[in-house]
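Novice: Listed below are the residues making up each chain.
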Amino acid sequence: MYRQDILPKVRQQRLLHDVSLELTYACNLDCFYCYNDRDKPGRPLSLEQYRQLLHDLAQMQTLFLMLTGGEPMVHPHFFEIGRMARDLGFVTRVRTNGHSLGRRNAQRLRDEVDPYVVEVSLHGATAEVHDRQTRVPGSFDRLLNNVANASACGLRCSVVTTPTAWNENQIDEMFSLCQALGVPLRFQGPVAPRDNGDREPLVIQPSPAVWKKVERVTAAQSGLQGSASYSRPETETAAAVSEEAASCSVGVAGVDIDPYGNVQACMHLQRSAGNLHQQSIRDIWERSPLFLEARTRAIEAATQFQQRPPEQLGAPLFCLAVEENCNKGCAGVASRAAQENQPQLIEAVSL
Amino acid sequence: MPEAESRDRIALSSRLRHRAVGDEGVLVHLDSGRVIVVNEVGLFIIQQLAKPISRADLVQAVVDEFEVGPQEAERDMECFLDELGGEQLLAADATDPVQ
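First to last, the protein sequences are chains A and B.
For the record, in the first sequence the residue sitting at position 331 is 331 according to the numbering used here, with numbers rising by one throughout.
For the record, in the second sequence the residue sitting at position 2 is 1002 according to the numbering used here, with numbers rising by one throughout.
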């Protein structure tokens, strides 16, 4: 019901269901393939502006809120913003590199923000590979300790990794590591150009064969606790015979808001539909033509995969924003109520 | 507040998040990760339960909002509350603050 009925309704009615807040581009790691454009100019949103934004989003019935970055936990008002999100009833995800998730901060995160999930980034199964990617010695050991801390605090953790030329021979080991930690592992990719078009990260693109391996091992691991999953946008794009089937929810159900208040259709589509320093989120969402344009482009892009599987930079998927950045010169428990006035719990599914 | 009256009050679990999507409601239980969909009347009741409320007041609110008699409203509401309870969506102690 949720996926088959509610999500289509969200898209058809253009309800702002899912919002990503890039709180800052600052980070306490220095990942080689980081996609953020740290030279992007702008004036950061104030705490008061975040308060207004979250109130507006709650009124607009936005359900899912992701706090990301950069590294969101280095934002000076991270916990205040997280508390506001909790108090306003959002289902909050925190996407972090885990470097700041020591015992004290993990407990604060649990007590004050109470996120639905904390997604941490893993770049390899050994310190040598992980730290090579983050360019911060000791970050691997610290991450493992911090994930254990976070889990012990009662935080639901999950791990995300991007296959690269540096870690592609550690796929099995990363699975095993996450199973030992008791946390699920999800692969994402491909390695993409930076949002400013810089193609430097592409030099560590993994071999295309790694995706077959990820798929094979993921299938073998499915059902195990702490097992892996694999983001497969192509399962949506492959059947792009209708608006609903096209790509992600870009332009119809979610937005990204950068640290400077720019509202974008997606965090990698670096065009602003409006800025929160000048307009409210409702004004921007309801009036900017950029979202419809992004949606149209996503549908057009998806149609090319009706006859063939998607492929992009060696990975079996397609992302409109990655393509655009590449071309920058860079790069119920019961059935529905029979009577309308009978309260019904229609469906219960797992996220 | 008298103890009996306090016991009669019900509220949503603080582990629940919910929003309206059109006429329906989407509920997410933070611990189980379950996503639950309720219809328009269910959504109305969920919204009433955001703060502790007595069963009698809840029935009256349903009667006032929808074209339904008190007996039918009470019967259907009890069924619905049983389902919510089964999904761990109600506060064990409605005197606790509800987030």
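Note that these hints are calculated values from the structure, not bench results.
It is possible that some hints are incorrect.
Calculated lysine to aspartate or glutamate pairs in the DMTMM-like style (CA-CA distance at most 25 Å, straight line) [said to hold, decoys possible]:
(1) B/K1051 - A/D114
(2) A/K9 - B/D1023
(3) B/K1051 - A/E112
(4) B/K1051 - A/D111
(5) A/K9 - A/E215
(6) B/K1051 - B/E1087
This one's a predicted model, so the numbers in the text were calculated from it and none came from an experiment.
Novice: Taken at face value, is the distance from the CA of A/D114 to the CA of B/K1051 at most 25 Å?
Specialist: holds, 20 Å
Novice: Are the Cα atoms of B/K1051 and B/E1087 separated by 25 Å or less?
Specialist: Holds, at roughly 19 Å.
Novice: Please verify whether B/K1051 and A/E112 have alpha carbons no more than 25 Å apart.
Specialist: Between B/K1051 and A/E112 the Cα gap is close to 20 Å, so the pair holds against 25 Å.
Novice: Is the Cα-Cα distance between B/K1051 and A/D111 25 Å or less?
Specialist: holds, 21 Å
Novice: Taken at face value, is the distance from the CA of A/E215 to the CA of A/K9 at most 25 Å?
Specialist: Violated. A/K9 to A/E215 sits at ~31 Å, over the 25 Å cutoff.
Novice: Hint check: A/K9 vs B/D1023, CA-CA at most 25 Å. Holds or violated?
Specialist: holds, 10 Å
Of the numbered hints listed earlier, the single one contradicted by the structure is hint 5.
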